[in-house]
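Undergrad: Chain by chain, the residues:
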Amino acid sequence: MADLQKLATMLQELDDQMAACMKCGMCQGVCPVFAETMAEADVTRGKIALLENLAHELVVDAEGVKDKLNKCLLCGSCAANCPSGVRIMDIFLKARCIVNGYLGLSPAKKAILRGMLTRPKLFNALLDTAGKFQGLVTSKADEIVGTSCSRLMSPIIGERHFKPLAKEPLHAAVPSLDTAVGASGLKIAFYPGCAVDKFFPQVGHAAFKIFRHHGVGVFMPEGQACCGLPSLASGDMESFLRLVELNVKLFGQMPFDYLVTPCGSCTAAFKEVWPKFAAEMPSAIRHAAMTLADKAIDINAFIVDKLGVEVPTEAPKGGTPLTYHDPCHLDKSLHVTAQPRALLRSNPNYEFREMSEHNRCCGCGGSFNLYHYDVSKKIGERKRENIVASGAKVVATGCPACMLQISDMLSQAGDGIAVKHAIEIYAETLG
Amino acid sequence: MNDALIKEFEAIVGKENVMHAEADRQAYSYDAAVLEPVVPDLVVRPTTSEALGKTVRLCNENALPITPRGAGTNLSGGTIPGRKGVVLLTNSLNKIIEINEQDMYAVVQPGVVTAKFAAEVARRGLFYPPDPGSQAVSTLGGNVAENAGGLRGLKYGVTKDYVMGVDFFDVNGELVKAGSRTVKCVTGFNLSALQVAGEGSLGVINEIIFKLVPPPAANKAMMAVFDSIDKASETVAAIIAGKIVPCTLELMDKKTIELVEAFTKAGLPTDAAAILLIEVDGHPAQVADEAEKVVEIARRIGAIDVRAASSDAERNKIWEARRAALPALARARPTTVLEDATVPRSQIPTMIRAINRIAEKYNVTIGTFGHAGDGNLHPTILCDRRDKEEFKRVEDAVDEIFEVALSLKGTLSGEHGIGLAKAKWLEKETSPATIAYAKKIKAAIDPKGILNPGKIIGA
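Chains as they are written, first to last, in the UniProt record's numbering: chain X, 1 to 431; chain D, 1 to 459.
The shape of chain D in the complex, shown without the other chains:
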């Protein structure tokens, strides 16, 4: 990167917001995906909308690839600057512009941290449900760009279900406005949708309008322990068939239970084949009624133990086990490969059996936990990346997990995104025509191919 160009970036965002020293650039070469890092040529951090637009424009004029980056927590390599160029940081654009309690929406800049936003919304007596695992650090722009999910997906949906509008910069740095603050809006193409799960490859998000909802008045958490994964899965199906939609319905498999117990010593039954963690929420009367039904269903299907929390402390204890799942798995071995293959929920027992067979076949350790209610599992492979032979087996196992998920009419990614990690698989899930269609859109919108190139469709 030549000095004259660096000076042009400095003129837009200020000297302190342009990083070109080697050590600074190295720190933006990775995200949370287990992939090879790529060091960008420059890191630019606009602090105003105007500067954001001008930065995009300058990049396009100079055909410099742009990788937008919030907190860099994504698990698919969406923020790895695969073709170098400029990493465009959005984390200084972190203002909550408006929370409208009367009309129940909020307008935010892309760099607002998810949990901070949710807390501020809660303080105003409203509720923003999407709760991705990285919410304590992830940014809302990243959540939209990856269409992040979370534990409440089953009842409340995912990030896309809360996006009412997105203002974004096109590749020339011109502001495109899409959606509105109204519940209904049919003004032209649904251009906001291009930004949801677009991973920054079709524009750079400037502002987001989010829908907010009233918070549930009550909730109740339950834990059910099973001696077979089929019974756990049958219970999931029976709860849904019983017209109950829990806000959270989580599953931990045998390996995960063993590791969580070794880590927390919380007294989980390590001879269990599966544990379901369930929470219902809503009006207090409805919550009491539904909780009773859930307990009854789990017992009828043959849970060896069912307990419902009767206090906040007990509720916390139940969720502690779920919160410990990832830390427990992550501590077992140096490298943690966290996948998110997702299947229709009726296919969960088949999927888990397949995962266990794959673990045996490739001689790798896989703990599976995740969102049983929506079929979004997290098979987590524990390994040491530095052991090349082992890691090859891990990669083969991952490939086979995808094969199985697709054969069960599932999807490659429930909530982590495609990024660099799964781009090669996308055609298999969709079709050559789908990729060609997407590439045409991309080429029209971004003729020089500078907006997060190489991600999703490889263009």
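So here's chain X without its partners, still in its complex pose:
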């Protein structure tokens, strides 16, 4: 599969970055996975030591290293707290590609990543079909959260309280858009992301309402492809590059000011991750990809910073108690923390209460949740305890992946606390 020469070069680059780790161990204090497993190989320092030993052929069991490497939420808590400023996310994403390059992807992952994510139409069609039939196999578990336990699918999804796929995904309700620039004078490209499209179309509709209200011209092409983060997290450079190319083709033709997404992980993928892999991109698309990366912006930041929405400086009192969970990609990668809170303040029907450990990872971590559900759940339960302790009746956040995980946790405990995207709270205030 991958060119060996290139793998060797990447390994060398990685060695330079790994050498910066002084093994001080400060990552132990902030790693959500380590807090549950207390195993050194699960924390960044241990993973870097393993990778170094792999690079220097001191480890024989590459498969064992791969397992440890994959047991990571990619939340970036360690990177944000690393005294040496080690570029941990670069190391881990690239290492996953390198290790997988040697070991080859598992057949199942190959099928999903290559076969489905890179063929958006097929992916959509399959999930559309699944969405229509899921009423037969799931039962309503928690009306407020809106998740469903599976009956027939329990061997696969275990005890999870899965959000059901939306009856009408966003792409079915609004296949595409190209609206004129209004009062804001801004034209944006809207990238809902897979999870908003398929699980939380209401977040997309809230975004449309906000764009209409502020006179933002919206370009939303049909057949959008995944941002590529899941591919890289699985170490599949090939499908990542194909996804970059698809997105570049789709968005490259239209002029717009910003690429706006309501998903913290997608924004971080465009803005932070794509540039890390610029050297791997074919030169024909590199420039366009970097332009897209440059234009990407989180929707909370866009509304507050670019639309100049006036938000009250004083938080309203007396409304429904509301709290906010900082998604890792928004907080630790993009440093978007004030804007979603400003949007929450704009709605007088809610009273904001900061929860303890508000920026501690919820434990979702994309496919981490699928492969390490036991650990993921323990981390999620700590998040749930903090939410409940805040006394909130609504928990807002800025990433649909966090929404899925938090919904699962709250629903399993039957807490009756609703989960929303911060922009939904703001959209409620618009006529």
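Honestly, the hints are just simulated from the structure, not real lab data.
Any given hint could be a false lead.
EDC-like mimics (lysine to aspartate or glutamate), calculated; alpha carbons at most 20 Å apart, straight line [to be verified]: (1) D:388 x X:16; (2) X:71 x D:16; (3) D:388 x X:52; (4) X:121 x X:168; (5) D:361 x D:396; (6) X:71 x D:22; (7) D:15 x X:374; (8) D:116 x X:385; (9) D:116 x X:36; (10) D:95 x X:36; (11) D:116 x X:357; (12) D:15 x X:36; (13) D:54 x D:174; (14) D:211 x D:103; (15) D:388 x X:15; (16) X:66 x D:22; (17) X:377 x X:415.
Please read these numbers as outputs of a predicted model, since none were measured by experiment.
Starting from the known structure of chain X, arrange chain D on it as the hints suggest.
TA: Same frame as chain X, but now just chain D:
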């Protein structure tokens, strides 16, 4: 390691607490010291006191070396399993057993994280002062075993000053009880002291009784900038001579200031030769009085700038510079060799001049910061370990730093421990008889030589 023996360990601590896969063992081959890793044969993590004792016993029966390990943050190789064998993890023994507000003591298991303990103590209105740099992750067992220090050493002392008692397992897995919950206790030998700075070579810590103190009611932070290291040092001496004992008295040298400023852009004067960061604490009236005196002393001796924080935000800003010291240094080059040679505080200018001369002689970059109040400096050598020629020069420079520290009647290690890194130097600081005496104690207590072998005295 044979399967039958692994099964015996599993029977004691549970299957999930015995790690023998290669990748797991590799992750316990190092600590924060810049030394060669050594991969252990097995990693065992007891979750109860009983299991801890039985594990020690089984190791001794099979003559397996034991390396106790908490968070593995120590800077002298104390947790590197130099002779392989078993890495014994204490981080699941992490219960705070008791915090007694009336009698001001606490009883903890060794795996409790230092900062979590300090926060819990603070929540009860009391104070546990030792604050080693790694406190966010380090464990109390490790702090005792290394006699960890911190920024508050000058006024509040170090970990040993808070140890009232230690229960530990001897090499046969029998529980030895030492010290008590009382302020005074003269019951027999002071066996707790064997565990303080013992690096796990004379027993395995099971429980610790810590002294707690009332927290200071007020504090005030100050920063003084100097155009010469001598004036900074003279100021330190004058503050102490003035009968003022600040809780923290930190120094950053020119190289550190340059790097911190490049990293934080906080507006530090990069033409300065030294900065002192000072904090006094105690009764509000005393704090106000002492802060005024400190400012006056620094001005009199010729500080080019002195400022005192008038709010929490300003206090934070002052300490931000100190907190940035290690990150700023660590980012400059791939490898960071953090030393802790310590001298009587009057010798600080001589020591810093010597360090700068050594840096020039061996053509290496050294930034020095540290606890000027107690003479504990951190000369930090920035290099790339992969460059063998450069690293040889670094090792030579470190050797010479130790020579100088000892010639100034200082010590090899103020707070990082001896471990593997400095064992070869210990005789030079002490005497052949001292090492022989220590070896006799070790041989009597641990006849098979399995308790963290090779550390401190090389036995």
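Undergrad: Check whether the Cα positions of residue 361 (chain D) and residue 396 (chain D) lie no farther apart than 20 Å.
TA: holds, 10 Å
Undergrad: Does the alpha-carbon distance linking residue 388 (chain D) and residue 16 (chain X) stay inside the 20 Å limit?
TA: Given pair residue 388 (chain D), residue 16 (chain X) holds - Cα atoms ~15 Å apart, limit 20 Å.
Undergrad: Does residue 66 (chain X) pair with residue 22 (chain D) here, judged by a C-alpha cut-off of 20 Å?
TA: OK: residue 66 (chain X) and residue 22 (chain D) at ~12 Å, within 20 Å.
Undergrad: Given the hinted pair residue 116 (chain D) and residue 385 (chain X), is their Cα-Cα distance within 20 Å?
TA: holds, 19 Å
Undergrad: Does the alpha-carbon distance linking residue 71 (chain X) and residue 22 (chain D) stay inside the 20 Å limit?
TA: With a Cα-Cα distance of about 16 Å, the restraint between residue 71 (chain X) and residue 22 (chain D) holds, given a limit of 20 Å.
Undergrad: Taking only the CA atoms, is the gap from residue 377 (chain X) to residue 415 (chain X) under or equal to 20 Å?
TA: Holds: residue 377 (chain X) and residue 415 (chain X) sit about 16 Å apart, inside 20 Å.
Undergrad: Between residue 388 (chain D) and residue 15 (chain X), is the straight-line Cα distance small enough, at 20 Å or below?
TA: Satisfied, since the Cα-Cα distance of roughly 16 Å is no more than 20 Å.
Undergrad: With the threshold set at 20 Å, check whether the alpha-carbon distance from residue 15 (chain D) to residue 36 (chain X) stays at or below it.
TA: Distance ~17 Å between residue 15 (chain D) and residue 36 (chain X) Cα, so the pair holds.
Undergrad: For a C-alpha distance cap of 20 Å, please report whether residue 95 (chain D) and residue 36 (chain X) respect it.
TA: holds, 15 Å
Undergrad: CA of residue 15 (chain D) to CA of residue 374 (chain X), is that 20 Å or under?
TA: holds, 17 Å
Undergrad: For a C-alpha distance cap of 20 Å, please report whether residue 121 (chain X) and residue 168 (chain X) respect it.
TA: Given that 20 Å is the threshold and the Cα spacing comes to 16 Å, the pair holds.
Undergrad: Are the Cα atoms of residue 116 (chain D) and residue 36 (chain X) separated by 20 Å or less?
TA: Status holds; Cα separation ~16 Å.
Violation of the numbered hints given earlier is absent; every hint is satisfied by the structure.
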